[in-house]
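Trainee: Heads up: the sequence lines are chains X and W, in that order. For the first sequence, the numbering used here assigns the number 324 to the last residue and increments by one with no breaks. For the second sequence, the numbering used here assigns the number 1317 to the last residue and increments by one with no breaks.
Simulated from the structure, these hints should not be mistaken for laboratory data. Note that this is a predicted model, so its numbers are computed, not measured. The beta carbon of each residue, even a glycine, is placed where N, CA and C say it ideally should be. Treat the hints with care, as some may be off.
[As the list claims (entries may be wrong)] Which stretches of chain W does chain X cover? Using the computed rule of at least three CB atoms under 8 Å from a CB of chain X, they are:
#	segment
1	1123-1131
2	1209-1216
3	1237-1251
4	1254-1261
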Amino acid sequence: MSLLQVRDLNIFFRTQSGSINIVNNLNFDIEEATVFGLAGESGSGKSLTALAIMGILPPNIYAEGTVNFKGTNLLTLSPEAIRDLRGREISMIFQEPMTSLNPVLKVGHQIREVITTHLKVTKKEADKITLGLMRAVKIPAPEIRMKEYPHQMSGGMRQRIMMAMAIACSPSLLIADEPTTALDVTIQAQLLELLRDLRQQKNMAVLLITHDLGVIAENAEKVAIMYAGRLVELADVHTLFEEPRHPYTIGLLRCLPRGKGTPLKPIPGTVPKPNHLPPGCKFSDRCGFAIPECKTKEPALRKIKDGHLARCIRAEEIEQYKVA
Amino acid sequence: MKLIEVKALKKYFPVKKTAFARHEWLKAVDGVDFSLEKDRVFALVGESGCGKSTVARLLLRLIEPTEGEITFKGENIFKLKGQRLKAFRRAVQIVFQDPFASLNPRRTVYDTISEPMKIHKIAKGSELKDRVVELLRKVGLQDVLNRYPHEFSGGQRQRICIARALSVSPEVIVADEPLSALDVSIQAQILNLLMDLKQQSGISFIFISHDLKVVEYFSDEVAVMYLGKIVEYARTEDIFRQPYHPYTEILLNSTPGIKPGTKRRQILSAEVPSPIDIPPGCPFHPRCPKRFSPCDRIVPELEGSGGRLVACHLRTG
Ligand SMILES: Nc1ncnc2c1ncn2[C@@H]1O[C@H](COP(=O)(O)OP(=O)(O)OP(=O)(O)O)[C@@H](O)[C@H]1O
Ligand SMILES: Nc1ncnc2c1ncn2[C@@H]1O[C@H](COP(=O)(O)OP(=O)(O)OP(=O)(O)O)[C@@H](O)[C@H]1O
Ligand SMILES: [Mg+2]
Ligand SMILES: [Mg+2]
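If we strip away everything but chain X, and leave its shape as in the complex, we get:
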């Protein structure tokens, strides 16, 4: 059985005039000790999916469906039970560590707090584990830096602190939501290498959320592409990059410059807002391969071959689109 099974996950935003569906019928599995990449442009619902799994959706947003983690549906767990899981079995790191670190507490103290919340250890042992974790995430001079406040550290160092907190209890699943987006490529490379090492040492599964297909290609084993709250393509990383079947995936790949002279073919238009989605296929208004049928009926996410799903009625003819 998979470590995490997401089934028919729907996420809604409450308004005075009713609910707006933001994430629509999501289905995917994450296997133990693997990296699952979730990619898509801004507003596609990646972060809300992560927050729903963690059970920390903001008050005006709610989720329906099932999220089975080791056989337990997280969406029906009591707040106490999910709080106990969080940090111990599932943990999360965010794009901007500053928002999740407490600005008035020393970073060492914040790491120790995670340990003492979940593990029965003495203060001395907790200090020792804290130092060990700071070494594990390769923070230089940890004895000195544990006494620093978050604002005294660089963005890269703060993200390392977040990672130390996230792995403190050796969780089975780490959710990393754009963990390196705000950082220089050099620091991004360091952190992703660190993430790969930690994952192997701790045998963790990772849900890696990013809009950067390069980061996905380099780190993920399975990939889901999200558009307007829906999965539009799901495949192993090689298939996704080498034989993409959805025009949106192909469009995203074509947006990336590949040296001088090769013209870019941007996807026209912009991502629609959740309350202004077109009828039929949600990508049809921006799709260069759409036919009238695409604009009337929303296609299902269907099997192309084993382990490869795409939400496009023309997936079999896609070669024509690729050469066009």
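Use these hints to put chain W with the ligands onto chain X, whose structure you have.
Mentor: Just chain W with the ligands now, with coordinates in the frame of chain X:
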């Protein structure tokens, strides 16, 4: 023709510190030389804090240099006054990273784009309106004159900023990370727009970016900055084919490709030191995998030939 020449440019910011001295200096730009030719794109790259935006602000004369000069068509911009200053302010425009922060939320698109033309007395009345419509069409926007910034997406706002910069028919646009805040599909749209402007409107660009794939695609020449200095300067093709400076090489290898399973080959250790406390010798030596005896003592000069300059003892020693 050289439009802009930057010569021995320095910008130090005072920072409060220590019991002995009143303040220390943060050397944001520490002796930079480069030039921009007409119809070209000159790119500045380097890690966060290396001084790129400070160079941009100096180029626009938004701040004064500590030392050195910048000439525009042969005249030192920091000495310009009156009409000449006004002409310079018109000829060199900037587009920033954050299209949200750089538009006034209470002004309509029409107000935003017509204002520079009013200031520079370029057009008025119905001609002004026609020009605004034409500029918007050029950047791919229609029927938006009376709308406000909050009604637009990030990409559309960046288009408005570009239309505003174009309104005064500039000769140079300084673009400081103009794509960084945008989604990939929108980045590609804006990049195509900039490409069109370069080819059709004869505008030259100083292009600041941390995305080396974009730099490779769009620029003609590249300068790599590290802690306020240029460490390598070359034609874009040359630098991407064969970087000379170990730092450039690592930067190029740090960008992930989109071939599954390929790992970045070199990972740079540690982080950039503080520009208040720049290491002696080559500023890059503490992180350099190829450092040898002179590197921690002697500052390498930026030297070379054939348009390829590099500041590294491995090349010059
Ligand atoms: N608290 C909220 N209230 C109302 N709408 C929200 C809220 N949070 C998110 N949304 C909306 O839900 C949609 C999905 O948001 P989400 O943050 O999950 O996107 P994302 O894929 O993570 O995007 P990004 O790449 O920008 O982080 C967006 O349209 C967003 O505007
Ligand atoms: N007004 C100022 N006063 C003091 N220090 C400043 C000032 N402006 C910039 N700096 C410092 O100068 C250095 C260079 O900053 P600059 O903004 O030019 O970097 P950058 O290369 O544009 O970085 P980024 O990629 O993050 O935009 C940084 O250390 C910055 O903190
Ligand atoms: Mg997000
Ligand atoms: Mg900057």
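Trainee: So, against the hints stated earlier in the document, which numbers end up violated here?
Mentor: 1
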